[in-house]
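The whole structure should be built from the sequences, with the hints applied where relevant.
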Amino acid sequence: MGYRTDYARVQQLGSAHEGVGHWWGQRISSLALIPLTPFFVIPFGRALGGGHEAIVATYSTWGNAFVAVAFLLVGFWHLAQGLQVVIEDYVPKKALRVGLILGNTLLCGAFALAGVFAILTILLRG
Amino acid sequence: MADVNRGNRPLSPHLQIYRLPMTARLSILHRITGAGLTLGALLVVWQFIAAAIGPGYSAFVDGLLSSILGQLILIVSLWALSYHALNGIRHLWWDMGKGFDLDFTEKANYVVLGGSVVLTLIFILAIW
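Top line first, the protein sequences correspond to chains A and B. Okay, so the first sequence: first residue is 13 according to the working numbering, each after it adds one. Okay, so the second sequence: first residue is 451 according to the working numbering, each after it adds one.
Errors might be hidden in some of the hints.
Covered, in the sense of this in silico footprint (three residues per stretch, anywhere, with C-beta under 8 Å from a C-beta of chain A), are these stretches of chain B [unchecked claim]:
1. 474-487
2. 491-501
3. 529-543
To be clear, the hints were calculated from the coordinates, so they are not data collected in a lab. Beta carbons: idealized from backbone N, C-alpha and C, even for Gly.
Written out as structure tokens, the structure reads:
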């Protein structure tokens, strides 16, 4: 049974102190993105080049706005996790690595929220 | 000390002289397309923010994104998204412990690579 205490075992965390949460996050977000991608890409692409009216017409319907909000939230979550792994792999200096990971998480969160706020503005203002 | 007697021993095949198999190259491509899609994500958010700000700025950003250069960047992003999605499905399959034998993997390389081009064309046709 090894030397781990019952408490450590029940936490499921292991020596890196964060367990498999990041791994599962990447898988769950990628699974959600499979159906979201076509339902986001096609309306977004169709509105492209049609100016302000086309974007407003597309995203003042609840269905398109819902898919776009879901796509941005899950997509930026997935992007933050993916870029974090890239940073962890290629930045050996700890202070820089931790700083980049923090900046990555904050920026991805900020862009996701900015996008969601913009979509809700278009939806509610019409 | 593992590093004490490092000098005279032969090195195992190294990245600089080892010809990477296609599976390894596609694995690198998965990471490149994933990181590269950061640009596409930012352009999408830019389009939404511009539309929320107002008609004038929205027309400006929409015009940039639908210019020749804008369309080129978006189509390359669409291909990167298609590739990353299809290869991602293969990764989920691998995560379940399936599809590891060489024969299957070699065939899946071409399915994923060819499929990414086909999926991009399907998206473009659906949008047009």
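Do the hints match the structure? See the list:
Only residues whose C-beta sits within less than 8 Å of a C-beta in chain A count toward coverage, and the stretch 474-487 of chain B has 4 of them, enough to reach three; the restraint holds. Using a Cβ-Cβ cut-off of 8 Å, 8 residues of the stretch 491-501 of chain B lie near chain A, which meets the minimum of three, so the contact claim holds. Counting residues of the stretch 529-543 of chain B whose C-beta lies closer than 8 Å to any C-beta of chain A gives 6; at least three are required, and the coverage claim holds.
In this structure, every one of the numbered hints holds.
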